[in-house]
Every structure is written in C-alpha cells, then in structure tokens.
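Undergrad: Please model the complete structure; the sequences and the hints are all you need to start from.
Chain by chain, the residues:
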Amino acid sequence: DAGITQSPRYKITETGRQVTLMCHQTWSHSYMFWYRQDLGHGLRLIYYSAAADITDKGEVPDGYVVSRSKTENFPLTLESATRSQTSVYFCASIGQGLRAVNTGELFFGEGSRLTVL
Amino acid sequence: GQQLNQSPQSMFIQEGEDVSMNCTSSSIFNTWLWYKQDPGEGPVLLIALYKAGELTSNGRLTAQFGITRKDSFLNISASIPSDVGIYFCAGYNFNKFYFGSGTKLNVKP
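Those protein sequence lines, which keep their order, are chains A and B.
Counting along the first sequence from 1, when you hit position 91 you're at 91 in this note's numbering, and nothing is skipped either side.
Counting along the second sequence from 1, when you hit position 99 you're at 99 in this note's numbering, and nothing is skipped either side.
Read the hints as simulated data drawn from the structure, not as lab findings.
Note that this is a predicted model, so its numbers are computed, not measured.
Hints may be right or wrong, so weigh each one.
Listed below are several chain B residues computed to face chain A (Cβ distance under 10 Å; list not exhaustive) [unchecked claim]:
id: 1; residue: Phe12
id: 2; residue: Gln14
id: 3; residue: Leu33
id: 4; residue: Gly42
id: 5; residue: Val44
id: 6; residue: Leu45
id: 7; residue: Ala48
id: 8; residue: Tyr50
id: 9; residue: Ala90
id: 10; residue: Asn95
id: 11; residue: Lys96
id: 12; residue: Phe97
id: 13; residue: Phe99
id: 14; residue: Gly100
id: 15; residue: Ser101
Taking beta-carbon pairs under 7 Å as the criterion, some of the chain B residues facing chain A (in silico) [unchecked claim]:
id: 16; residue: Thr31
id: 17; residue: Glu41
id: 18; residue: Pro43
id: 19; residue: Tyr92
Straight-line alpha carbon distances no greater than 20 Å define the calculated EDC-like cross-link-like pairs of lysine to aspartate or glutamate that follow [as the list claims (entries may be wrong)]:
id: 20; chain 1: B; residue 1: Lys108; chain 2: B; residue 2: Glu15
id: 21; chain 1: B; residue 1: Lys108; chain 2: A; residue 2: Asp56
id: 22; chain 1: B; residue 1: Lys104; chain 2: A; residue 2: Glu110
id: 23; chain 1: B; residue 1: Lys96; chain 2: A; residue 2: Glu59
id: 24; chain 1: B; residue 1: Lys108; chain 2: B; residue 2: Glu17
id: 25; chain 1: B; residue 1: Lys104; chain 2: B; residue 2: Glu15
id: 26; chain 1: A; residue 1: Lys11; chain 2: A; residue 2: Asp53
id: 27; chain 1: B; residue 1: Lys104; chain 2: B; residue 2: Asp18
id: 28; chain 1: A; residue 1: Lys70; chain 2: A; residue 2: Asp53
id: 29; chain 1: B; residue 1: Lys96; chain 2: A; residue 2: Glu79
id: 30; chain 1: B; residue 1: Lys104; chain 2: B; residue 2: Asp83
id: 31; chain 1: A; residue 1: Lys57; chain 2: A; residue 2: Asp38
id: 32; chain 1: A; residue 1: Lys11; chain 2: A; residue 2: Glu79
id: 33; chain 1: B; residue 1: Lys51; chain 2: A; residue 2: Glu110
id: 34; chain 1: A; residue 1: Lys11; chain 2: A; residue 2: Glu110
id: 35; chain 1: B; residue 1: Lys96; chain 2: A; residue 2: Glu105
id: 36; chain 1: B; residue 1: Lys70; chain 2: B; residue 2: Asp83
id: 37; chain 1: A; residue 1: Lys11; chain 2: B; residue 2: Glu41
id: 38; chain 1: B; residue 1: Lys70; chain 2: A; residue 2: Glu105
id: 39; chain 1: B; residue 1: Lys96; chain 2: B; residue 2: Asp71
id: 40; chain 1: B; residue 1: Lys104; chain 2: B; residue 2: Glu41
The beta-carbon is built from N, C-alpha and C at its ideal position, and this holds for glycine as well.
TA: This is how it looks when you write it as structure tokens:
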C-alpha cells in the first residue's frame with residue numbers, strides 16, 4: 001500500500017527557474033491538497049482539488065500553479081521560483097469510507113524539500 | 001488562515017513520564033486529528049476523533065474530543081525515546097483543515 005508518494009524528495013534550484021513537484025496517490029481519494037511548511041508559519045494551504053479537473057486556491061497560491069488531469073496525480077508547479085518559496089512542500093489527501101464519504105482523516109506524503117538559491 | 005492554539009510549545013521529559021498536550025479553538029470542529037512528525041518526514045496520523053466527548057486510544061496514546069467541540073487533548077503514557085518528535089493537532093470541517101503550531105517533545109533516556 002504505497003499511499004501518497006512525492007517526488008523529488010529534495011530539490012535545489014535557482015531563482016527564476018520553473019520547478020514541478022509531483023504527487024501521486026494510490027487510494028483514488030477525491031480531495032487532494034498542497035501545503036507548505038515553514039518555521040513560524042506552520043502548515044499553509046497552497047491549492048486543493050476536489051476531483052479531477054477541479055482545483056481551487058488556498059491561503060497562499062501566488063506563484064504556484066496546479067493541475068489535476070487524473071485523480072491519482074496532483075502536480076504543483078512553481079512557474080518562476082523565488083527565494084521566498086524555499087520550503088518543505090507536502091501533498092495530502094482525505095481518506096474516504098463507505099460510499100466515498102470523506103472521513104476527515106488527512107494523509108500526508110513524505111514531503112519535498114525545495115531550496116531556491 | 002485560522003490556527004489552533006496548541007500548548008505547550010515544547011516539553012523536556014524523562015523517559016517513563018507521562019505527557020499531556022492540548023489544542024483549543026474559537027470554532028467548533030466535526031473532527032479532531034493528532035499527528036506526529038519526525039525530522040525530515042511527513043506528518044503521520046496518530047488518532048482521529050469524530051464525536052464530542054469521545055476518548056480514543058492507540059497503544060500508549062490517548063486522545064479526547066472536547067465536549068464543547070472546541071478543544072482536544074493528547075496524552076502519551078510511559079514515554080520512550082522514540083516518542084521524540086513534533087506533535088500537532090488539526091481540526092476538520094467541510095473539507096478544510098486547521099492546524100496547531102505543534103508541541104516539540106524531547107525525551108531524556
């Protein structure tokens with residue numbers, strides 16, 4: 001049971017470059033999320049998706065783009081990376097029970113640690 | 001975004017001691033969650049609580065969903081060195097999650 005896998009786990013890039021962080025889940029959960037985790041700010045929601053082809057902004061969406069062409073994949077793209085986007089990024093999904101009802105249990109991937117020089 | 005008030009921020013305890021931490025909010029929640037995060041890893045779900053007053057255990061961990069639905073606590077009994085890490089709470093309503101800032105637990109052997 002692989003759950004949620006993120007790649008790459010570590011990435012160093014330069015200011016202005018485009019970076020894509022991948023997220024893949026094997027559960028077919030409908031809701032997926034991207035958070036960034038920074039000291040002093042905790043977890044902040046960047047984007048979320050209720051289903052394939054349905055995405056919406058979270059608390060800190062500026063500078064990020066997402067897509068969800070398939071239920072299992074939810075990539076996050078930094079179109080032109082800035083130093084302020086140096087962070088740890090977590091992908092997550094909500095568990096589903098009977099009749100695909102959301103359980104409220106949020107499952108996280110292992111994180112992608114991004115450094116922008 | 002809304003953050004939950006989690007305390008204490010950090011704890012230094014001796015192996016074998018019991019630990020208690022809590023989260024409070026000005027809003028009510030339908031679900032309370034407790035996570036542990038090890039350095040360099042993603043948060044791992046420890047306990048999920050669904051009903052006001054509910055008390056749930058997972059091994060040496062016990063968590064309760066407050067009667068007012070605005071708070072929750074987590075207890076760890078007989079702590080061991082591998083309990084070291086950051087514990088944080090989360091409240092859930094209508095496909096949105098709100099997180100505590102975390103309690104950093106240090107356990108001295």
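Undergrad: Where does the structure disagree with the numbered hints, that is, which hint numbers, in rising order?
TA: 1, 2, 21, 26, 29, 33, 36
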